[in-house]
Each structure stands twice: as structure tokens, then as C-alpha cells.
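Asker: Sequence:
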Amino acid sequence: MVEQGQWLFKERDLLMGPVPAKVLIDKLYAGEIDGETQVASEAEEVWRPLREVDLFRVHIAKAEARLRVMREKAQAQAQARRRKARLAVLLSAAAVLLAVVVATGVWWLVTSSAEREAEGALADLGITVSPPVIELALADQPPRREGAWLDVDVDVEEAPSAAPPTRTPARRRPLARGSTGGRPPAKGAPGPEPPAPRAPKTPPEGEGVGLKAAYDMNHINAVVRRQSRTLFPCIKAEVKRTGFRGVLPFEFVVKNDGRVGKIWIDRKELRGTPLEKCFAETMAKWRFNPFPGPRPTVKQSFTIGG
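Numbering (the working numbering), first residue to last: 3 to 308.
Mixed in with the good hints there might be a few duds.
Claimed, not checked - Okay, the calculated beta carbon distance ranges per label pair:
1. ARG83 / ASN223: 57 to 67 Å
2. ALA32 / ARG83: 50 to 60 Å
3. ARG83 / VAL60: 28 to 38 Å
4. VAL98 / GLY248: 29 to 39 Å
No wet-lab data here; the hints were simulated from the structure.
No experiment lies behind these values; they were computed from the predicted model shown.
Every residue gets a Cβ at the ideal spot worked out from N, C-alpha and C, and that includes glycine.
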């Protein structure tokens, strides 16, 4: 038959062929051409859609059915991939949520355990805590107290030198004009001229009462109230060691970098004890907001067994 001979066909804007009918059938099943593709037999050269040629009608129907099945299968696979992706996202979110819940639970257990321990210390020892009192240390130095202040976190520039101070030999000052060097003036000689009045000493910047505090008292107060309970184990250990009862007042200086610089315990018998060391090690972990200018001194007291 003529239809089973060689065929020409148009693919996009190109004229292809001549090719056997089997090539067109293979292209149909591959989806490269369809029933609307223009074809013409080499013998007739009359162009018409492929679906109008009897030789190809059955193959067009089979190819369209096959392609429809392949599209449905591809859509099903795409939906399955999307479902897997959504499931992976949900599982990841669930894992993150579970990790957050577990971390929150652990934090709550640790916090509640510390709070229960602190509350137990309060109940067992009868500890009462006074509200903190914040004062400005004049000349940016801690107040003078009986006994030494204990350094908690000494900076390099604040660390005292281990070498003893060297003495500089005194130089003899030249006598001022009219001075007798301590000898009585000669009889009839004019007396020494009166010294010129000295200018009043101006205190250096950073000293004096007129300085404006740059630290946040409310913030310091909140931190001290929150962190005071961290000192309860120190008190509990001291009570167990010595049976201490009474009022335990102490002071500390907050440095410009937000750390505790020095502490002072206002009980002579407790200075240099493990309690003082425990206070220093614990308060070294306290953190305040950094600030410029003069440093504050914070006073607080615990009453044990009261």
C-alpha cells in the first residue's frame, strides 16, 4: 500500500523525511509527535494530520492512552514526593519541638531543684534576706572598713605590686630668696617674704560628691535580689562547720565591666574563712550591665536563725 511506504512529516518548522511508517509509529509512542502532526506520503505529497491516515489511527489511540497513563503515574510520583517532603518537614519540626520541650523540662528541673534547695535552706536555717542598699563609692574606691577588702576579680591594672616601694633619696631644696634655712635672721636683717597664696586644689575628674552615677540602680537591685540565693549553700556550709547564727552583713563593689570587684564581710570572725572564699567564688559569677564612671557599693545582710 502507498501508506506503508516512505513518509514526510513536519516537526516544528522543519521538514523531515522521508522515513518508514515504523519511525512515525515509534515517535508517536515516545510522545515526540501526535495526531496533529502534518504528514504526507512520498508518492502523493498531500499534507494532512496524522490522525486522518488510517494506518496510524490505532497507534495514535494506543500512544495517547500510554502517554496518559505515564502522566498520571508521574503526577502520582510527584504527589508522593511532596507528601514525603511535608512529612520530613513535620518530623523535623516535631524533633525540634521535642528538643525544646526536653531542654525546657531539664531547665525547669534544675531550676526548681535549686529553688527547692534554697527554700529548704531558708526553712532549715531560718535565713532572712535584707533588701540591697546601693551607694556611690566616693573617689571610685570602696569605703574604708575594719579589715581588708577581698579581691574577687582583680584586673591587671588593679593588682597590687609584689615589690616593696623603693625610697627616693631626699634632695636638698635651694633656699628661697630671703630664707635663712631655719637659722634666726641676723639682727637688723629684713625678714623673709611671705609665701604666695596657693590656688585651691581641684579634685580630679571621677572624684567628689558632684559626680553623676551612670549605673542602673534598678538593674543592680534586681540582679542582687535574684542572685542572693546563690550564696545560701555558702551559709549552709558555714553553719554546718561552725554552727554560726546571727546577722551576716556584707558589702561589695561593682566594677565598670559589670563584675564584682571586691567584697567585705562585716563580721570579724568570718573573714579569712571558707565562707568568705565561697562568697568570693560565687559572686565572681554574678554579672551586671557595664557602665562608665564611678562604681557603686552594694550593702546587704543575711539573718541566720532569726
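Asker: Next step is simple, just say for each hint if it's right about the structure.
Answerer: Here is how each hint holds up against the structure:
no.: 1; hint: ARG83 / ASN223: 57 to 67 Å; in the structure: 59 Å, holds
no.: 2; hint: ALA32 / ARG83: 50 to 60 Å; in the structure: 24 Å, violated
no.: 3; hint: ARG83 / VAL60: 28 to 38 Å; in the structure: 35 Å, holds
no.: 4; hint: VAL98 / GLY248: 29 to 39 Å; in the structure: 52 Å, violated
In summary, the structure is inconsistent with hints 2, 4 from the numbered list given earlier, while agreeing with the others.
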